[in-house]
Amino acid sequence: MPEALALSAPRRATAVLGEASAAWFLVAPAGIALFLLLLGPSAALLALSFSDWELGAPTLAWIGFENYAELATDPVFRAALSNTLVYVRVVMPASIGLGLGVALLIESGTRLRAFFRAVYFLPVVSLLVAMATAWQYLLHPTIGPVNKLLAMVGIAPVNWLGSSDWVMVSLCMIGVWENLGFVVVLFLAGLTAIPADLYAAAETDGARSGLDRFRLVTWPLLGPTTLFVVTITAIRCLRVFDTVAALTRGGPNNASEVLLHMMYREGFSYFRIGYSAAITVVFLVIVLALMLVQTRLLDRQVHYG
Amino acid sequence: MRTARTLVEDTPRLALLSLGACIMLAPYVWMFFASLKPGSEVFRDSLTLWPETFYAVENYTKALTAVPLARFLLNGVLVCSLILVFQIAFAVPAAYALAKLRWRGREWAFGLVMLGLLIPYHVPALPLYVGAARLGLLDSFTALVVPFSISVFGIFLFRQAFRALPDELMQAARIDGMGEFSIVWRVVMPNAWPAATAFATFSIVAHWNDLFWPLIIVQSPQMATPALGVLFFRAEEAGNDVGALMAAAVLVTAPMIALFLLAQRHFIRGIATAGLKG
Amino acid sequence: MRAEGGRAILIEGVEKAFGATRVLKGVSLTLRQGEFMALVGPSGCGKTTLLRIVAGLESADAGRVVIGGRDVTRARPADRDIAMVFQNYALYPHLTVAQNLAVPLAMRRLSALERLPLVHRLVPGNAARRRAIAARVGEAAAMLRIAHLLDRRPGQLSGGQRQRVALGRALVREPAAFLMDEPLSNLDAELRAGTRQEIVDLHRRAGVTTIYVTHDQVEAMTMADRVAVMMEGEVLQLGTPREVYDDPCDIRVAGFLGSPRINALPGIATENGVSLGTLALPLRAAAAPGSAVTIGLRPEAIRVAPLGLACRVEHLEYLGAETLLHARLEAPEARIVARLPVAAGEGLSRGDAVRLGADWERALVFGADGKRLALHQAARIDA
Numbered sequence: 001m002p003e004a005l006a007l008s009a010p011r012r013a014t015a016v017l018g019e020a021s022a023a024w025f026l027v028a029p030a031g032i033a034l035f036l037l038l039l040g041p042s043a044a045l046l047a048l049s050f051s052d053w054e055l056g057a058p059t060l061a062w063i064g065f066e067n068y069a070e071l072a073t074d075p076v077f078r079a080a081l082s083n084t085l086v087y088v089r090v091v092m093p094a095s096i097g098l099g100l101g102v103a104l105l106i107e108s109g110t111r112l113r114a115f116f117r118a119v120y121f122l123p124v125v126s127l128l129v130a131m132a133t134a135w136q137y138l139l140h141p142t143i144g145p146v147n148k149l150l151a152m153v154g155i156a157p158v159n160w161l162g163s164s165d166w167v168m169v170s171l172c173m174i175g176v177w178e179n180l181g182f183v184v185v186l187f188l189a190g191l192t193a194i195p196a197d198l199y200a201a202a203e204t205d206g207a208r209s210g211l212d213r214f215r216l217v218t219w220p221l222l223g224p225t226t227l228f229v230v231t232i233t234a235i236r237c238l239r240v241f242d243t244v245a246a247l248t249r250g251g252p253n254n255a256s257e258v259l260l261h262m263m264y265r266e267g268f269s270y271f272r273i274g275y276s277a278a279i280t281v282v283f284l285v286i287v288l289a290l291m292l293v294q295t296r297l298l299d300r301q302v303h304y305g
Numbered sequence: 001m002r003t004a005r006t007l008v009e010d011t012p013r014l015a016l017l018s019l020g021a022c023i024m025l026a027p028y029v030w031m032f033f034a035s036l037k038p039g040s041e042v043f044r045d046s047l048t049l050w051p052e053t054f055y056a057v058e059n060y061t062k063a064l065t066a067v068p069l070a071r072f073l074l075n076g077v078l079v080c081s082l083i084l085v086f087q088i089a090f091a092v093p094a095a096y097a098l099a100k101l102r103w104r105g106r107e108w109a110f111g112l113v114m115l116g117l118l119i120p121y122h123v124p125a126l127p128l129y130v131g132a133a134r135l136g137l138l139d140s141f142t143a144l145v146v147p148f149s150i151s152v153f154g155i156f157l158f159r160q161a162f163r164a165l166p167d168e169l170m171q172a173a174r175i176d177g178m179g180e181f182s183i184v185w186r187v188v189m190p191n192a193w194p195a196a197t198a199f200a201t202f203s204i205v206a207h208w209n210d211l212f213w214p215l216i217i218v219q220s221p222q223m224a225t226p227a228l229g230v231l232f233f234r235a236e237e238a239g240n241d242v243g244a245l246m247a248a249a250v251l252v253t254a255p256m257i258a259l260f261l262l263a264q265r266h267f268i269r270g271i272a273t274a275g276l277k278g
Numbered sequence: 001m002r003a004e005g006g007r008a009i010l011i012e013g014v015e016k017a018f019g020a021t022r023v024l025k026g027v028s029l030t031l032r033q034g035e036f037m038a039l040v041g042p043s044g045c046g047k048t049t050l051l052r053i054v055a056g057l058e059s060a061d062a063g064r065v066v067i068g069g070r071d072v073t074r075a076r077p078a079d080r081d082i083a084m085v086f087q088n089y090a091l092y093p094h095l096t097v098a099q100n101l102a103v104p105l106a107m108r109r110l111s112a113l114e115r116l117p118l119v120h121r122l123v124p125g126n127a128a129r130r131r132a133i134a135a136r137v138g139e140a141a142a143m144l145r146i147a148h149l150l151d152r153r154p155g156q157l158s159g160g161q162r163q164r165v166a167l168g169r170a171l172v173r174e175p176a177a178f179l180m181d182e183p184l185s186n187l188d189a190e191l192r193a194g195t196r197q198e199i200v201d202l203h204r205r206a207g208v209t210t211i212y213v214t215h216d217q218v219e220a221m222t223m224a225d226r227v228a229v230m231m232e233g234e235v236l237q238l239g240t241p242r243e244v245y246d247d248p249c250d251i252r253v254a255g256f257l258g259s260p261r262i263n264a265l266p267g268i269a270t271e272n273g274v275s276l277g278t279l280a281l282p283l284r285a286a287a288a289p290g291s292a293v294t295i296g297l298r299p300e301a302i303r304v305a306p307l308g309l310a311c312r313v314e315h316l317e318y319l320g321a322e323t324l325l326h327a328r329l330e331a332p333e334a335r336i337v338a339r340l341p342v343a344a345g346e347g348l349s350r351g352d353a354v355r356l357g358a359d360w361e362r363a364l365v366f367g368a369d370g371k372r373l374a375l376h377q378a379a380r381i382d383a
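Residue numbers (full-length UniProt numbering), protein chains in the order written: chain A, 1 to 305; chain B, 1 to 278; chain C, 1 to 383.
Bound conformation, chain A alone (with noise of 0.2 Å):
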């Protein structure tokens, strides 16, 4: 027994010891990659944004805040701004309306589900430029077919991508159509994981109607899911870029510039990677929020201990 003991301990020792260098060498190429790739730039894009550089310029400058201030009054920024926000307002509450109204359609019946399911989810997985072209084809002003449906109940055609009174209502459209399937199956998802005893307690309990079955176990019983879907389709939206560079380019006259694509504009048409780096602080400044709103405010009304 002794010699056992004496042998055990040490056995143990480089076990650990082995465990460590064995993580360490199966972390690195995964940190190194995250470091070049992805920590590293993001640190570089913060200083960038400091800077006035422009590409191919032989020297930079650090310039501070200038960059920012610059943005506060550029009335193009304020309109990809203000747009981006108009557009995560619009399609993230419709989506995730319609969304959770088709998820319980889906869900309250057994027929054709897996089916609808698809059709629904099938924008998800298409090529996002392409069906912006299909979409540019159904919402062309002279021979679109949305616009000759119009016309057949006398409705006037409609200018729906040219002009800037309609081109974010057009823009918003399609998100919702993009979007719709995400959310869908998400509620989906979320209902399944609901106890059907749930249901049943409630139905013994006198809750007759659907509307307050909903209330007392569905709506409740979403929460965190709902939470969860909210942040993300916000993020989605926030990150609008196809759909704005297949089909408008940010116009007509800037009435549909968004976030990503005046950074991608700025950065890679005009090359100014100082003021590039900015906008794309600011966003990330937005998402970053989003999701300290979602950990630390929501997440703990929406869990039951």
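Don't read these hints as lab results, they were simulated from the structure. Since the structure is predicted, the reported quantities are computational estimates derived from the model, not experimental observations. Note that the Cβ used here is the ideal one computed from N, Cα and C, for glycine as well. Be aware that a few hints might be false.
One side only, chain C facing chain A, incomplete, derived with CB under 10 Å [to be verified]: (1) L57; (2) M84; (3) N88; (4) A90; (5) H94; (6) A170; (7) Y245; (8) G277; (9) L279.
One side only, chain C facing chain A, incomplete, derived with CB under 10 Å [unchecked claim]: (10) R76; (11) P77; (12) D79; (13) A83; (14) F86; (15) V103; (16) L179; (17) C249.
Here are the simulated SDA-like cross-link-like pairs (lysine to any residue), alpha carbons at most 20 Å apart as the crow flies [claimed, not checked]: (18) A/K148 - B/T48; (19) B/K100 - A/G31; (20) A/K148 - B/V29; (21) A/K148 - B/P51; (22) A/K148 - B/L49; (23) A/K148 - B/R44; (24) C/K371 - C/S291; (25) B/K100 - B/G179; (26) A/K148 - B/K100; (27) B/K100 - A/A28; (28) A/K148 - B/W50; (29) B/K100 - B/L112; (30) B/K100 - A/E19; (31) A/K148 - B/L165; (32) C/K25 - C/N88; (33) C/K25 - C/G44; (34) B/K100 - B/L165; (35) A/K148 - B/M24; (36) C/K371 - C/L191.
Position chains B and C relative to chain A; hints supplied.
Just chains B and C now, with coordinates in the frame of chain A:
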């Protein structure tokens, strides 16, 4: 009462869902039928779906020849698979070390992963572009693939999956004489298959459909991915030919939709669990 | 003295099929007002489905359910005036214990408008009704000794506490019937025994008609006024615990109740009794001579007897207060379990030859179809 409803009782539900489904499918339907018609017919009457003159061969030929569309698709497949391979190769060992090994610095490292989760991939784009330009890598596969080779979301997802595995599994493998590296690939990974398929579908969809990065990094049509290819096609003269444009749109959309219809369950679960970060 | 509350329940010819599987094949039961009836049977026998049909959570394909003289077969659960306790408690996780207990009252006594947050303050008379509800919740909580938990949420409670809240949610109202679906199965053994007694006491005080579904024969035997033994979608027997145990009508009932299981020995009917191996037993069953019958003997009816059947000891289980003897009967081939006083088991060991006899007047005779056969006269032999 939780009982099967009769078809009549189910009608309002089916009617509402069908109405919504029609709107969801409208762009696909018109896209597809326009790709079968000659341009003149599209201009004359876009409400009628069925073509008077069947023009599919001409449209699809033009779509495939005006720009190297087949090349775009091939690029897409190549880029997506390379990205996925790299992401898994980097993320899985790290996730295992974070989930199952005890080492000093583990909490700290996981903190960095969580920090990475908060940063959208648009943020490092600008410095990465500058770096690629300095290295002369613009317009190359390297520039298309490398920035995405590390997926913090992948690390996070795999870590959660690995944590659910019993410790005894690894202990048994160690007693059988396996090293940590073989444990990762021969014991842990085969037991985390659902997480792997979920991650794979998420990654493929995200990068097949990505426009932002290719738009920044790619200049020549030879390097374009499908998403960018659509824009190239529109920029060509062919862009005014609605029929051919829709044919091109059908061709680039079809592979992912086909894959989705084949593996619906995996796709939906993958994207639902992966909603965390895009 | 016990209270008689609730209503009588009549279940008549209830049938239910899920797809091709017939879960209930025409079940009829009658519960007297205030009666505590246990529905017991192995899992999959249809007992939970039957309970859910009584509750209105499942619809019957045929038959009817009458509660307090009112046919409720087509009524919704909320209109049946029943209270149900679920196996996993089904407490609302977002509501406190007090709110959970108040739900059944609020749903019935307050209008939809009065239940809205804030708005309810505007409705006249509402405050008084709410006070009445709070008082009733307090009473129920006191009865179950959970008054100190009223502000907690279910997630912060132990299994036993949740179980009490689930009971409380049923108790706050004075319903026509309590329906309980395996309410103790998620508790550990010790808690289960205590709560068993508590439910019996609560029933004695409130006296509300109760249907209690369980797969645990001990619960059924100790708690219920009458026990309905269900198998394969049918009620095989309905009777007091004594009746179903001592006087089972079917070999399956006899086999389900009692632990260790009843011994089933193969016998053959003769002119003046039943032959079991070398023994001729004067059990004159109503069976054609020469036909095969099964003799059921409870383990506690068996004893070591010098003139008994020749057996060989397979193994012994010493349980402290008694010894279980597992033996093999050689002719006819059968296994026997006997419950012996510890002294009787001493000196026996594996492989020993032993002769076993029985109180044959306690033997039960079953026909080839498993049904109990009537005996023409009580028998007495010394073996």
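Now the hints, each set against the structure:
1. Among the interface hints, the one on C/L57 holds; its C-beta lies about 5 Å from the nearest C-beta in chain A, closer than the 10 Å criterion.
2. Hint on C/M84 holds. Least Cβ distance to chain A is approximately 5 Å, under the 10 Å limit.
3. Because the beta carbon of C/N88 sits about 6 Å from the nearest beta carbon in chain A, less than 10 Å, this interface hint is met.
4. Hint status for C/A90 relative to chain A: holds, with the closest Cβ pair at about 4 Å, below 10 Å.
5. Hint status for C/H94: holds, given a least beta-carbon distance of 4 Å to chain A, under 10 Å.
6. With its C-beta approaching chain A no nearer than about 9 Å, C/A170 sits inside the 10 Å limit, and its interface hint holds.
7. At a threshold of 10 Å, the smallest CB-CB gap from C/Y245 to chain A is about 32 Å, leaving the interface hint violated.
8. Using the Cβ-Cβ criterion of 10 Å, the hint placing C/G277 at the interface with chain A is not satisfied: the shortest such distance is roughly 52 Å.
9. Interface restraint check: C/L279 against chain A, minimum CB-CB distance 54 Å, threshold 10 Å, status violated.
10. The beta carbon of C/R76 is positioned within 10 Å of a beta carbon in chain A (closest approach about 6 Å), and the interface hint is therefore held.
11. The interface hint given for C/P77 holds, since its Cβ lies 4 Å from the closest Cβ of chain A, which is under the 10 Å cut-off.
12. A distance limit of 10 Å between C-beta atoms decides the matter here; for C/D79 the minimum to chain A is near 8 Å, and the interface restraint holds.
13. This hint holds: C/A83 has a C-beta 7 Å from the nearest C-beta of chain A, less than the 10 Å allowed.
14. Residue-level restraint check for C/F86 holds (minimum Cβ-Cβ distance to chain A is 5 Å; threshold 10 Å).
15. The closest approach between the C-beta of C/V103 and any C-beta of chain A is roughly 5 Å, which is under the 10 Å cut-off, so the hint is satisfied.
16. For C/L179, the suggested interface contact is upheld, since its CB lies about 8 Å from the closest CB of chain A, less than 10 Å.
17. With a cut of 10 Å, the hint placing C/C249 at the interface with chain A is violated, because the nearest CB-to-CB distance is about 33 Å.
18. Taken as a hint, the A/K148 and B/T48 pair is honoured in the structure, with Cα atoms around 11 Å apart against an allowance of 20 Å.
19. Only pairs whose Cα atoms come within 20 Å are accepted, and B/K100 paired with A/G31 is accepted, the gap being roughly 17 Å.
20. Note on A/K148 and B/V29: the hinted pairing holds, with a Cα-Cα distance of about 16 Å set against a maximum of 20 Å.
21. Between A/K148 and B/P51, the direct Cα distance comes to roughly 17 Å. Compliance with the 20 Å bound is thereby established for this hinted pair.
22. This hinted pair checks out: A/K148 and B/L49 have alpha carbons roughly 13 Å apart, not beyond 20 Å.
23. Simply put, A/K148 and B/R44 have alpha-carbon atoms about 11 Å apart, close enough for the 20 Å limit, and the pair holds.
24. The suggested pairing of C/K371 with C/S291 holds, with an alpha-carbon distance near 14 Å, which does not exceed 20 Å.
25. Restraint check: the Cα-Cα separation between B/K100 and B/G179 comes to about 14 Å, which is no more than 20 Å; the hinted pair holds.
26. Using a Cα cut-off of 20 Å, the hinted pair A/K148 and B/K100 is violated, with the two alpha carbons roughly 62 Å apart.
27. Distance check on the hinted pair: B/K100 and A/A28 sit about 16 Å apart at the alpha-carbon level, within 20 Å; holds.
28. This hinted pair checks out: A/K148 and B/W50 have alpha carbons roughly 16 Å apart, not beyond 20 Å.
29. Of the supplied pair hints, the one linking B/K100 and B/L112 holds, its CA atoms being roughly 17 Å apart against a limit of 20 Å.
30. Proposed proximity of B/K100 and A/E19 is supported: the alpha carbons are some 10 Å apart, at most 20 Å.
31. Taking the CA atoms of A/K148 and B/L165, the gap is near 58 Å; set against the 20 Å cutoff, the hint is violated.
32. This hinted pair does not check out: C/K25 and C/N88 have alpha carbons roughly 27 Å apart, beyond 20 Å.
33. A hinted pair counts as satisfied when its Cα atoms are at most 20 Å apart, and C/K25 with C/G44 qualifies at roughly 13 Å.
34. Using a Cα cut-off of 20 Å, the hinted pair B/K100 and B/L165 holds, with the two alpha carbons roughly 9 Å apart.
35. Our distance criterion of 20 Å between C-alpha atoms is met by A/K148 and B/M24, whose separation comes to about 19 Å.
36. Under the criterion of a C-alpha separation no larger than 20 Å, the hint pairing C/K371 with C/L191 is inconsistent with the structure, at around 38 Å.
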